[in-house]
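So the chains spell out like this:
There are 2 protein chains.
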Amino acid sequence: MAITAVELKHAYRLLNHGPVVLVSATHAGKQNIMAAAWNMPLDFDPAKIAVVIDKNTYTRGLIEGAGTFAINVPCIQQSEIVMQVGSSSGKEERFIETDKFAAYHLPTFPAASIEAPLLEGCVAWLECRLLQEVENQQKYDLFIGEVVAAYADTRVFSNGRWHFEGQDQLRTLHYIAGGAFFATGDSLSIPPATL
Amino acid sequence: MAITAVELKHAYRLLNHGPVVLVSATHAGKQNIMAAAWNMPLDFDPAKIAVVIDKNTYTRGLIEGAGTFAINVPCIQQSEIVMQVGSSSGKEERFIETDKFAAYHLPTFPAASIEAPLLEGCVAWLECRLLQEVENQQKYDLFIGEVVAAYADTRVFSNGRWHFEGQDQLRTLHYIAGGAFFATGDSLSIPPATL
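Going down the list, the sequences are from chains X and F.
Letter by letter, the first sequence follows residues 944 to 1138 in the working numbering.
Letter by letter, the second sequence follows residues 944 to 1138 in the working numbering.
It is worth saying that the hints were derived from the structure and are not from the lab.
Each hint should be verified, as a subset may be incorrect.
Simulated pairs of lysine to any residue, SDA-like, Cα-Cα distance not exceeding 25 Å [claimed, not checked]:
#: 1; chain 1: X; residue 1: K991; chain 2: F; residue 2: E1076
#: 2; chain 1: X; residue 1: K991; chain 2: F; residue 2: L1074
#: 3; chain 1: X; residue 1: K1082; chain 2: F; residue 2: Y1083
#: 4; chain 1: F; residue 1: K952; chain 2: X; residue 2: N999
#: 5; chain 1: F; residue 1: K952; chain 2: X; residue 2: D997
#: 6; chain 1: F; residue 1: K973; chain 2: F; residue 2: F1044
#: 7; chain 1: F; residue 1: K998; chain 2: X; residue 2: V1077
#: 8; chain 1: F; residue 1: K998; chain 2: X; residue 2: N999
Pulled out of the complex, with its shape left as it was, chain X reads as follows (with noise of 0.2 Å):
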């Protein structure tokens, strides 16, 4: 396993075909990650995301008070840590108000730019830095976040794309409702001499 840097201008490519993603933050000494399905990427230069953060969620007040977080991507092995910290249905999941990093004894690696924890086993990571957008925030649970740096599993990304061939277990996942996914499947390409 090894982990690449991926280009900030390609960082846009690792949310693009929208996986449910984990949120990490710490701040004061606290951390935690939660899981958010409603996620998508926002611009490519500078590269900046946006996600969807509950009120009731505990990584939330983290993320307002670091002012950074990370994004990580998981793969269908770590679907039931996905379910464990998720409350991506924000309405659906129980909360877990404590550290769940230590509930669930989730393994992970610091990040270079930003404070929060890195999530082990994920196969794409952005570290982001929170542009405060005060209604965005209030209004609706609107988080954006700019990328400042970003990598992948060279397993099943490289050079600016994802490759799943051959790698079932690290293939993204996309969130339903209750407990339900879908893997990322069969990639398909249409040549541009179509058009």
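Assemble chain F onto chain X, guided by the hints.
Just chain F now, kept in the frame of chain X:
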């Protein structure tokens, strides 16, 4: 083929797994449609969605003029159409400033609550009322809509759930870049008992 209304409280499930969508709008006798990979649910009830609409797109002016738009969720058998109408990567694909419904002979049917035409052959549709957020629109190209009606093709979505088994050509699409997509893949379910 039958289309069913989707309860508005379940409308988020049409986008929760992160598919690429086609955004259609009409205003003052003009209509258009564009691809948007950058979209996500934003709230359950009232159902809201967020979508990034680049300033260079012709459809954006129609949305701003009409105050309404439709989200069409395309499937594998429409992947060439997605590329044809696609400016989903914002700066990578060419923009077509004409009526793409006419240029590509795309069949439509009328929406119930709004003027925007809905694209035949898609597997879900969300009729949206634009929630005017001038700063988000100008600063981030971020458009927020309240979902006022939603529908799905019953062959792949019913009782609030997607079910693509045996309907591979109707699987939804996840856009990557440069004409490459992932199909929505296998479903997996993590029982709550494992929590």
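Practice problem: Assess, step by step, whether the Cα of K952(F) is no farther than 25 Å from the Cα of N999(X), and give holds or violated. | Solution: Satisfied, since the Cα-Cα distance of roughly 19 Å is no more than 25 Å.
Quiz item: For the pair supplied as a hint, K991(X) and E1076(F), is the alpha-carbon distance within the 25 Å limit?
Solution: holds, 19 Å
Exercise. Measure nothing beyond the straight line between the CA atoms of K998(F) and V1077(X); if it is 25 Å or shorter, mark the hint as holding.
Key: Roughly 24 Å separates the two Cα atoms, so the pair holds.
Quiz item: For the pair supplied as a hint, K1082(X) and Y1083(F), is the alpha-carbon distance within the 25 Å limit?
Solution: Status holds; Cα separation ~16 Å.
Exercise. Please work out if K973(F) and F1044(F) have their alpha carbons no farther apart than 25 Å.
Key: Holds, at roughly 10 Å.
Quiz item: Hey, K991(X) versus L1074(F), does the alpha-carbon distance stay inside 25 Å?
Solution: holds, 22 Å
Exercise. Assess, step by step, whether the Cα of K998(F) is no farther than 25 Å from the Cα of N999(X), and give holds or violated.
Key: violated, 34 Å
Practice problem: Sort out whether D997(X) lies within 25 Å of K952(F), counting only the CA atoms. | Solution: Within the cut-off at roughly 17 Å; holds.
Checked against the numbered hints above, the structure breaks only hint 8 and satisfies the rest.
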